[in-house]
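**Student:** Knowing the structure of chain A, use the given hints to seat chain B on it.
2 protein chains.
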Amino acid sequence: MPKLIDITELILRDAHQSLMATRMAMEDMIPACADLDQAGFWSVECWGGATFDSCIRFLNEDPWERLRTFRKLMPNTKLQMLLRGQNLLGYRHYEDTVVDRFVEKAAENGMDVFRVFDALNDIRNLRRSIAAVRRTGKHTQGTICYTVSPLHTTGDFVEMAEKLMDLGCDSICIKDMAALLKPQAAHDIVKGIKESCGQDVRVHVHVHATTGVTMVSLMKAIEAGADCVDTAISSLSLGPGHNPTESLVEMLEGTGYTTRVDKAKLVKLKRYFNTIRPRYQEFLSNITGVETEIFDSQIPGGMLSNMESQLKQQKAGDRMEEVLLEVPKVRADAGFPPLVTPSSQIVGTQAVFNVMMGRYKVLTGEFADLMLGYYGETIGPRNPQVIELAAKQTGKSPIRDRPADYLKPEWQELRSTALALKGCNGSDEDVLTSAMFPQVAAKFFLTREQGPKNLGKDPHAAPAPVAAAPAPAVADTGKGPVRTTIIYDIKLNGNTHQVTVSPA
Amino acid sequence: MPKLIDITELILRDAHQSLMATRMAMEDMIPACADLDQAGFWSVECWGGATFDSCIRFLNEDPWERLRTFRKLMPNTKLQMLLRGQNLLGYRHYEDTVVDRFVEKAAENGMDVFRVFDALNDIRNLRRSIAAVRRTGKHTQGTICYTVSPLHTTGDFVEMAEKLMDLGCDSICIKDMAALLKPQAAHDIVKGIKESCGQDVRVHVHVHATTGVTMVSLMKAIEAGADCVDTAISSLSLGPGHNPTESLVEMLEGTGYTTRVDKAKLVKLKRYFNTIRPRYQEFLSNITGVETEIFDSQIPGGMLSNMESQLKQQKAGDRMEEVLLEVPKVRADAGFPPLVTPSSQIVGTQAVFNVMMGRYKVLTGEFADLMLGYYGETIGPRNPQVIELAAKQTGKSPIRDRPADYLKPEWQELRSTALALKGCNGSDEDVLTSAMFPQVAAKFFLTREQGPKNLGKDPHAAPAPVAAAPAPAVADTGKGPVRTTIIYDIKLNGNTHQVTVSPA
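Chains as they are written, first to last, in the numbering used here: chain A, 1 to 504; chain B, 1 to 504.
Some hints here could point you the wrong way.
Identical copies carry no separate label here, and so any pair may be met within one copy or between two of them.
Straight-line alpha carbon distances no greater than 30 Å define the calculated DSS-like cross-link-like pairs of lysine-lysine that follow [as the list claims (entries may be wrong)]:
#	residue 1	residue 2
1	Lys329	Lys361
2	Lys396	Lys453
3	Lys191	Lys3
4	Lys361	Lys408
5	Lys265	Lys329
6	Lys268	Lys315
These aren't lab readings, by the way, just hints derived from the structure by calculation.
Next comes chain A alone, as it looks inside the complex (with noise of 0.2 Å):
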């Protein structure tokens, strides 16, 4: 009999979070919802920091709602979400009892499976919201961000693994956010945690395809025992999104591991998810190929996009390659973090002020509190002279407990703001969202009356932006995909012209 390999399906989290700036709206997720519940996934992952920020930054949606409605369309399928560990889906500390207060309300609302994860994998960071999931009696994920650094063994990630199941987590999940994870690796990681925790330890591997080399390192991973593995439906799949679900189905024929979804279903799903993603071009990844530069540089590919557009915006945009070379200095002098949400984007800004501005002429503050602590311990010792400059900028003092010791209550007062919003039902739903994302959720209560905003488009309607020619205004006549008409603003001697340009 072969083994059973379990799938997480990433669809409604990652795979748009990765492909398509996390712009996919519930509307497009409904008709989905029968077919993913039946295709025998072992979870189905619909819920994390980005999807939650997107719903009320951009789609007026209320993402306890939308958990909701994943419950009730999806009864038989595990819901599985993305947390942030002390974090939660913001991007700083939270008290406990927050902590607390989020996990309970997301399972309350339908959540199941919470893959909980640290950006430093500091375990004092996953200790509270650890706790608080095996309260709620769901299944509580303890992850191990892995990362490529001279300090990095897998004798770290296999300890990590350790800790992580004595906090009484149900599984490990090995989570390799920029496809840096290769064959070999994901196979002695994989065999360490089985050898030194348990074979009977479920241990789930989350890839990404960037690098073109994780759909080798899934089958090495499941080789060395791993029992899930996470892919996204093919039509939302590769570049900087994930291994293809149908693919890993296909590829374990005749080995000694299968699995128990439908492939009649996964045909239907890609068919389906095939008439969706063109509906969201311009929020589409440009990338499609592989890169594997990132083995060198070990510069995440989001993290990449974000240093380019903040040099563009400083007019820099030439000074990316000295950039590039101050990337792993400052990972060093911050003591070698993984590179992940938000360490990545503290780095990779500090390195683009080091350029701009000289190294560390200016830290920003996320870079000092880094550097002094406030994130977490790192795996090697932080620079002494750049704690220094961080201590006499910010007048704070570096500390070694874990930062969350220092935080005061704060339900009262994040209650308090929240009930002071207009448009705020007075949940502790409403609060915790207007806690993870103050400025956003003020906005999102007054609108919310006015209901989803789906961003996608007919894909007919909207032509691609053509590279160098200027974007045009497009008008929709409504009478269907080639009737289009493109309106231009156009200068002719000083005076501005709309030219409407209809196809012949």
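**Tutor:** Here is chain B on its own, set in the frame of chain A:
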């Protein structure tokens, strides 16, 4: 010491054949040759039927001159070609002395490695060309076309390898043109060949990337003992193309295998071909993701698009579903040939005919020949009723002997035909060009003097055709990529105005 795995780089032949309709001009290949030569590849595939055809049909290039240029520019690397056995580079069987002559001339002009295959895996169709290559002292690679059918077993492929080795081949290639080779099958076939033919028999593995599983197949083939794998520089990889060379190299890190390629050269090559790819926008495959439905239909992508265009020409684009159901029936009636040029076209076209005119109401000449044995033997028995129809329709008798045995010496006639063509230079090379593609060669000889025609276009000068947008007339100001100016002919109040739009 890790075992050294060799790489055959495909970018100059199969990569652009699969991804940009074989249109890459020699002019765009030349700047890459020095790096390709020094990158450490076992061989560089650079010649074959489609590239030869494309040279004279579209690019006004002499394919023999292309070969000699490669030889000059890549003195340190083995040049490799794909040869269709008794079909050489054409679509029919050639008489034995023509086969000999072609191979001699290819070797003389610089070819080092001949990968010889037959679409039906009929060893008799390979014997003469293999013997011809052996006489030149060049590397003879006997090829097994991998396919999936109710009849094909691992044992069949291993047995074919044995026969190829008995003919004196220097190595065996498993050629998976449709990306159907799954990891376990790859492993089992390589292992079988090594066990049966000897561990020192070189096994090469050629796969396409279409289904998203074959990078794993390469890994399992390597673990089973494969000596060389085929990949393409990442900027022209994936989709219906191949797995990326850079990813293959990275994938092996830490395993018991390594490569001897120079990673810095790969980066240079990637960046170079990244600048070439957009020049061929209009020819680019629009498939960038994976497609796994082919595992069930077993219809390669190229065959699909062929059938689609045939149906559209018949204004029957809506009958594709019926054709897809018909293909497996036609293939079964034909004794389960692998679906590769030319058998894929022959089976596909007959399936279209069956749907449009009733099953076997009309047979194409090629399908009749296939049924009557004029292409060789198939693994399974062919449907006697259809054989009878074929005999009746064509007046030919079924044969069981080697098809080329029925051919009369034809070199003198081919030579006379060629020499009568205006512009023919009288060389054996020209005779062979004319023998391969008579009509196309005749036209090519007439225009050869005008020199190569590069179909690549400055991507900034030629906006990709946007859905439903008007195609603008374009004027390149020659001041580099960001200065392109677009001139629109626009009708206002009945008068045509030329409006020049420049980027801000």
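**Student:** Are the hints correct? Go through all of them and say.
**Tutor:** Each hint tested on the structure:
no. : hint            : result
1   : Lys329 - Lys361 : within (15 Å within a copy, 73 Å between copies)
2   : Lys396 - Lys453 : neither (43 Å within a copy, 68 Å between copies)
3   : Lys191 - Lys3   : both (16 Å within a copy, 23 Å between copies)
4   : Lys361 - Lys408 : neither (32 Å within a copy, 85 Å between copies)
5   : Lys265 - Lys329 : between (48 Å within a copy, 25 Å between copies)
6   : Lys268 - Lys315 : between (46 Å within a copy, 27 Å between copies)
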